[in-house]
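Fit chain F to the supplied structure of chain X, relying on the hints for placement.
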Amino acid sequence: MIATPVEVAARGEEGILPVIGLAALFWEVARRDLQVALRRWTDASNTALFFILVVTLFPLALSPKAETLRMIAPGVIWIAALLATLLSLNLLFRSDLEDGTLEQLLTLPYPLGWMLLAKTMAHWVITGVPVILMAPILAITYHLPAAALGVLVSSLLLGTPTLSLLGSIGAALTAGLRGAGVLLAFIVAPLMLPVLMLGARATDLALAGASATGPLYLMAALLALALSLVPVASAMAIRVSAD
Amino acid sequence: MLAVAGLTLWRGTTCLFEDLSFQVAAGTALLVEGPNGSGKTTLLRVVAGLTLPESGAVTWRGSDFRQQARDGRLRLAFSGHALALKAELSTRMNLEFFARLAGVPGKIEEILALTGLSACADLDVRVLSAGQKRRAALARVLLSKAELWLLDEPQTNLDAAGREFLEAAVRGHLARGGTAMIAAHQAVDLSGAPATRLRLGDAQ
Numbered sequence: 000m001i002a003t004p005v006e007v008a009a010r011g012e013e014g015i016l017p018v019i020g021l022a023a024l025f026w027e028v029a030r031r032d033l034q035v036a037l038r039r040w041t042d043a044s045n046t047a048l049f050f051i052l053v054v055t056l057f058p059l060a061l062s063p064k065a066e067t068l069r070m071i072a073p074g075v076i077w078i079a080a081l082l083a084t085l086l087s088l089n090l091l092f093r094s095d096l097e098d099g100t101l102e103q104l105l106t107l108p109y110p111l112g113w114m115l116l117a118k119t120m121a122h123w124v125i126t127g128v129p130v131i132l133m134a135p136i137l138a139i140t141y142h143l144p145a146a147a148l149g150v151l152v153s154s155l156l157l158g159t160p161t162l163s164l165l166g167s168i169g170a171a172l173t174a175g176l177r178g179a180g181v182l183l184a185f186i187v188a189p190l191m192l193p194v195l196m197l198g199a200r201a202t203d204l205a206l207a208g209a210s211a212t213g214p215l216y217l218m219a220a221l222l223a224l225a226l227s228l229v230p231v232a233s234a235m236a237i238r239v240s241a242d
Numbered sequence: 000m001l002a003v004a005g006l007t008l009w010r011g012t013t014c015l016f017e018d019l020s021f022q023v024a025a026g027t028a029l030l031v032e033g034p035n036g037s038g039k040t041t042l043l044r045v046v047a048g049l050t051l052p053e054s055g056a057v058t059w060r061g062s063d064f065r066q067q068a069r070d071g072r073l074r075l076a077f078s079g080h081a082l083a084l085k086a087e088l089s090t091r092m093n094l095e096f097f098a099r100l101a102g103v104p105g106k107i108e109e110i111l112a113l114t115g116l117s118a119c120a121d122l123d124v125r126v127l128s129a130g131q132k133r134r135a136a137l138a139r140v141l142l143s144k145a146e147l148w149l150l151d152e153p154q155t156n157l158d159a160a161g162r163e164f165l166e167a168a169v170r171g172h173l174a175r176g177g178t179a180m181i182a183a184h185q186a187v188d189l190s191g192a193p194a195t196r197l198r199l200g201d202a203q
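Protein chains in written order, with numbering that gives the first Met the number 0: chain X, 0 to 242; chain F, 0 to 203.
These aren't lab readings, by the way, just hints derived from the structure by calculation.
Hints should not be assumed to be uniformly reliable.
[As the list claims (entries may be wrong)] Residues of chain F placed beyond 10 angstroms of chain X at every Cβ, according to the derived structure:
1. 19
2. 20
3. 57
4. 184
5. 192
[Unchecked claim] So the derived list for chain X, only partly shown, Cβ under 10 angstroms to chain F, looks like this:
6. 18
7. 19
8. 24
9. 27
10. 35
11. 94
12. 98
13. 99
14. 102
15. 103
16. 107
[Said to hold, decoys possible] Here are the simulated distance ranges between beta carbons:
17. X:228 with F:70: 18 to 26 angstroms
18. F:17 with X:18: 38 to 46 angstroms
19. X:176 with F:185: 17 to 25 angstroms
20. X:176 with F:7: 23 to 31 angstroms
21. F:108 with X:42: 17 to 25 angstroms
22. X:189 with F:186: 54 to 62 angstroms
23. F:63 with X:228: 21 to 29 angstroms
24. F:22 with X:42: 40 to 48 angstroms
25. X:128 with F:198: 53 to 61 angstroms
26. F:71 with X:26: 16 to 24 angstroms
27. F:7 with X:152: 55 to 63 angstroms
28. F:105 with X:178: 21 to 29 angstroms
29. F:174 with X:132: 24 to 32 angstroms
30. X:110 with F:115: 51 to 59 angstroms
Glycine included, C-beta positions come from ideal geometry on N, C-alpha and C.
Extracted from the complex, chain X is given alone in its bound form (with noise of 0.2 angstroms):
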C-alpha cells in the first residue's frame, strides 16, 4: 500500500523513535523503583529486620560462647541473607504486573530483559545494601575478628547481587502466581545454594587465616555469569507470566 502524504508526515513528525541511552534507560527504570521503595520503605526495613532476627535467635538457642559463636558465624549471616533475600523476592515483580506497569514496558521498544535487569539491581539496592551494612555489625557480635569482617562484607557484595539475580528468574516465572511465596522458594533456592557455600566457605577461610581469594574469585564468576544470562530467562518469563 503506497503512503498517503498525512501518512508520510505523521512518520516524519513522530514515527522515528526518540531513543534514550542503554544507560539512561536502566537509570529511569531502577530510579522508579527506588522512588516507590522510599515511599513504601516497609519493604526495605522488612527484609532488615527479618535479617536480624534469624542472626540474633542462634546464640540464643545454641550457645553464647565467644569460640562457638565465631564459628557459626559465618554460616549463620549467610543462611539469614538468603532466607532474607527470598522473603523479599515476592515483591519484585507483583506489584508492577497488578498495576499494569509491566505491560507498558513489555510495549516499549526497548530491551525488556535490560529493563528487568534495572528492576533487580533496584531490587537488590533497597533489600540486599541493608543486609550488607548490618551483616559487619551483627558480625561483631559474633565475636568475629577484624581480619575476617572485610571478607564477609566483600562475599556478601559478590553474592548478594547474584542472590537477587537468579531469585528475579524465580520471581518472574511465579508473578501471577496467588501465594506463590513457597514455590519461589523451591525454585530458586537450589539455584542459589553454590553462592551460600561459597560465601560462607570464604569468611570460614578468612577465620582460619587461610587466603579467601577462591570462593570470592568464583563468586564473582557466578555474579558475571547471573549478570549476563538472568535477564534473557527472566524477559522469557516475564511475557508468559504477563500474557
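Leaving out everything else, chain F in the frame of chain X:
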C-alpha cells in the same frame, strides 16, 4: 496500516475468535464492540503483542508487527484496565517516567494542563479519584507520540467533559494520520472521523 489475518485464540476451553481478519487504515479508528467477555480486551492485548494467539498474524505496513514494535519502527500506546500508575508516586512523577522513555520530558506540563490534571499533579496517585487516574492514563497515551493507540474501555470512570476530551484527542490523533483501536461497550462519538466497527461475540 494495521492488518490482522486469520486470528484464532482460545482461552481455556472457550474459543474467543476463530479466523478473525480485519484491517485498520492510517487515519482511521476501529471500534471494537461486544458484550462483556466477548474478547475485546484479549483482542487488544494480542494486537499489543502481550498475548500470543494460537494462529494468525498481526502486521503493520506489511511486515511483522511484534518485530517492529520491538525495534522501535512502530510506536504503540496501550492503555488497559490496569493504569500503570504507582499509587505511592505523584501524577507528575508517574508521567515523567513515561515521558522520559518516550523522549519528550518537556511535554509534561502541557499534557497535564490538557488533561485537566495540573491542580493534582503533585498529589500521590493514591488519593486521586478513579476518573482522575483514568485521565492520567490518557495523559500517558498522549505523551507517547505513538502512531497506534490501543485503548481498552478508555471512557471508564470519565465524566462527560472527560469523554469529550477523549473523543477530541482520538479525533486529533486520527487527523494527524494516526491509527486507533478502541474497545468500548458504550458509544464512542467520533463525529465524522473515519471509523469502522468490529462486533465481537455474536458469531459464537
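Results of checking the hints against the structure:
1. 19: 18 angstroms, holds
2. 20: Answer for residue 20 (chain F): holds, closest chain X Cβ roughly 16 angstroms.
3. 57: Residue 57 (chain F) is indeed farther than 10 angstroms from all Cβ atoms of chain X, at 13 angstroms.
4. 184: The assertion about residue 184 (chain F) holds, with a minimum of 20 angstroms to chain X.
5. 192: 13 angstroms, holds
6. 18: The hint holds - residue 18 (chain X) has a Cβ within 10 angstroms of chain F, the shortest such distance being about 7 angstroms.
7. 19: Holds. Min distance 6 angstroms.
8. 24: 7 angstroms, holds
9. 27: 5 angstroms, holds
10. 35: Where the cut-off is 10 angstroms and the nearest Cβ of chain F is about 5 angstroms from residue 35 (chain X), the hint holds.
11. 94: 8 angstroms, holds
12. 98: 6 angstroms, holds
13. 99: Holds, about 3 angstroms.
14. 102: 6 angstroms, holds
15. 103: Holds. Min distance 5 angstroms.
16. 107: 6 angstroms, holds
17. X:228 with F:70: 18 to 26 angstroms: At roughly 23 angstroms between Cβ atoms, residue 70 (chain F) and residue 228 (chain X) fall inside 18 to 26 angstroms, so the hint holds.
18. F:17 with X:18: 38 to 46 angstroms: 39 angstroms, holds
19. X:176 with F:185: 17 to 25 angstroms: For residue 176 (chain X) and residue 185 (chain F) the Cβ distance comes to about 34 angstroms; the hint is violated.
20. X:176 with F:7: 23 to 31 angstroms: 27 angstroms, holds
21. F:108 with X:42: 17 to 25 angstroms: 32 angstroms, violated
22. X:189 with F:186: 54 to 62 angstroms: 55 angstroms, holds
23. F:63 with X:228: 21 to 29 angstroms: Roughly 27 angstroms apart at Cβ, these two residues keep to the hinted range, so it holds.
24. F:22 with X:42: 40 to 48 angstroms: 47 angstroms, holds
25. X:128 with F:198: 53 to 61 angstroms: Holds, at about 54 angstroms.
26. F:71 with X:26: 16 to 24 angstroms: 19 angstroms, holds
27. F:7 with X:152: 55 to 63 angstroms: 56 angstroms, holds
28. F:105 with X:178: 21 to 29 angstroms: Distance hint for residue 105 (chain F), residue 178 (chain X) is violated at roughly 44 angstroms.
29. F:174 with X:132: 24 to 32 angstroms: Hint violated: Cβ distance 56 angstroms, outside 24 to 32 angstroms.
30. X:110 with F:115: 51 to 59 angstroms: 35 angstroms, violated
Violated hints, listed in ascending order, are 19, 21, 28, 29 and 30; each of the other numbered hints is respected by the structure.
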